[in-house]
Structures are given as structure tokens and as C-alpha cells.
Amino acid sequence: MSTLEVKAVNSGYGEVQILWGCSLRVEDGRLTALIGSNGVGKTTLLRTIMGLVRPWSGSILFDGREIGHLPPYVKAEMGLVLVPEGRQLFSEMTVYENLEMGASNSRARARFKQNLERVYELFPRLKERAAQKAGTLSGGEQQMLAVARGIMAEPRLLMIDEMSLGLAPILTLQLFETIKRLRTLGLTILLVEQNSQMALAVSDYAYVLAGGKVELHGTPRQLIQNPHVRAAYLGM
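In my numbering, the protein residues as written are 19 to 254.
Quick caveat, the hints were computed from the structure, so don't treat them as lab data. Glycine is no exception: its CB is placed at the ideal position from the N, C-alpha and C atoms. Check each hint, because a few of them may be wrong.
Stated by the list, open to error - Computed Cβ-Cβ distance ranges for the label pairs, DEER-style: (1) H246 with Y138: 38 to 46 Å; (2) V92 with S41: 17 to 25 Å; (3) Q132 with H246: 28 to 36 Å; (4) E84 with S156: 24 to 32 Å; (5) S124 with E84: 18 to 26 Å; (6) P90 with Q240: 28 to 36 Å.
As the list claims (entries may be wrong) - Derived pair list, reagent style DMTMM-like, types lysine to aspartate or glutamate, alpha-carbon separation capped at 20 Å: (7) K145 with E103; (8) K93 with E110; (9) K131 with E146; (10) K93 with E118; (11) K25 with D81; (12) K131 with E118; (13) K198 with E45; (14) K198 with E110; (15) K145 with D81; (16) K231 with E33; (17) K93 with E146.
With the hints as extra help, turn the sequences into a complete structure.
Next comes the structure, spelled out in C-alpha cells:
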């Protein structure tokens, strides 16, 4: 059974429709990438899955249960965690306090110590800066903290929106290496990413979104061999 299944979902803001019949599956223990140009609906799809935007129609299933109508806090308790675009950290709070905020649901509180140790192993720099205010970190460190805060929530499905946006290439590489480690550890991940080449390099399966619709999907090998994907998204 797939961990997450989105079936023919339509949604948008006000009277403006953004998603048009979107369908995708995120299999348990796999890293699924969602790629596409800016403004095609990738963030809206994540927000709809999380419950920040209500679907107009279609269904969203998590472990076979319909969750499209549920509010975000219920989905968080179930193990759906979103690392949003733009990080959205508590800038006046310390690194440690931000990590504490990530572990706010009941499942995460029970495993706080273990998850904190895992986060510090994945991101040693955060351990060094545990007492530093989040707003004073570099952009790369803030993105590390955003991902780490998501891990502290004890996710069963971790959704990451535009992880590499605005980061230097070396920091982007480091973050993608960490994502590969999380996949190896068995964490289920849905990664929305404009850096299509990097996303395909670390994923097990990928979807291409265009104009609010799923245009193509397949394994990274299949998509890399597709002439349209090579020209439009990989610069080949």
C-alpha cells in the first residue's frame, strides 16, 4: 500500500484554480520528487496535502484513509510533516528552541531525545549553534534547521518544499547528501524541488508538474531519457 495517494485533486485560492486533476503516489520508504517550473502548482499541491488549502474535489489517502477534509494539526499527529518554502523559522528563538517546537505532537515528544541526537548527527553545525538565535544563522544553516525541525516531528511522511532555493551549490550538495541518508534510513519523503537534476539524482520515482497538472511520471532513469524533460528541465 502506498503511504500517500492523491487522486484527481482540484484546488486553488478563492476562485482561482491552480491544480487540475492532480494524481500521484508516494510509496512507503521511498523518496518521491516533484519537479517543474516556478509557478506551476508544486507548493499548492503540498499545501493541499497538508490541509493548509482545502481540496475542491478529488481524494487524498494516507495509509488507505481519506484525509482530504482533516485540518493540518490532525495530519501532523498522524505523521505528515511539511518543511515549507522560505523556512519560516522562529527567528528570535534559539536553534534548540526551534527544534523543541518541531517536537510538539505527542508521538514526537515521546522520542525527543532520540530525535535530537539524530538531528545533531545529521547536522553537526546545529549542535554547535544550539544556543544561537535562528535569525542570525546563514541561509544554509537556516535551511538545515528547517529540515531538522521537520525531523524532530517524528514524520511518517516528510514533505520538503524547495530545499535548495537561494543556496550556494556547496550547501545544496550537503543538504541533498543528508536527504539521501534519510532515505537510506527508511524515511518516506516527498521532495518538491526546482533543481531537477539534483532531485532526480536522489529520488526513487518522480513526477513532472506543468500548468497545475501532472505531465509525466516515472523513474529518474525514464525521465532523464525523455527528450522533453532533458530540454525543459535538465538543460540538455
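Evaluation of the provided hints:
Hint check: H246 to Y138, Cβ distance near 43 Å, so the stated range 38 to 46 Å holds. Taken as a hint, the range 17 to 25 Å holds for the pair V92 and S41, whose Cβ atoms sit roughly 23 Å apart. A hinted range of 28 to 36 Å is violated for the C-beta pair Q132 and H246, which are about 44 Å apart. Evaluation of the 24 to 32 Å hint for E84 and S156 yields a failure: the beta carbon distance comes to about 42 Å.
Separated by about 22 Å at the C-beta atoms, S124 and E84 satisfy the suggested range of 18 to 26 Å. Between P90 and Q240 the C-beta distance comes to about 34 Å, which sits within the given range of 28 to 36 Å. Restraint check: the Cα-Cα separation between K145 and E103 comes to about 23 Å, which exceeds 20 Å; the hinted pair is violated. Taken as a hint, the K93 and E110 pair is broken in the structure, with Cα atoms around 27 Å apart against an allowance of 20 Å.
Using a Cα cut-off of 20 Å, the hinted pair K131 and E146 holds, with the two alpha carbons roughly 17 Å apart. With a C-alpha separation of about 19 Å, the suggested pairing of K93 with E118 holds against the 20 Å cut-off. Of the pairs offered as hints, the one joining K25 and D81 holds, with about 14 Å between alpha carbons and a cut-off of 20 Å not exceeded. Of the supplied pair hints, the one linking K131 and E118 holds, its CA atoms being roughly 10 Å apart against a limit of 20 Å.
For the given pair, K198 sits about 16 Å from E45 by alpha-carbon distance, which is consistent with the 20 Å threshold. Taking the CA atoms of K198 and E110, the gap is near 31 Å; set against the 20 Å cutoff, the hint is violated. Of the supplied pair hints, the one linking K145 and D81 is violated, its CA atoms being roughly 34 Å apart against a limit of 20 Å. A threshold of 20 Å between alpha carbons decides the hint, and for K231 with E33 the separation of about 18 Å falls inside it, so the pair holds.
With a C-alpha separation of about 32 Å, the suggested pair K93 and E146 falls outside the 20 Å cut-off, and the hint is violated.
Figure legend: structure checked against the earlier numbered hints; hints not met, in rising order: 3, 4, 7, 8, 14, 15, 17.
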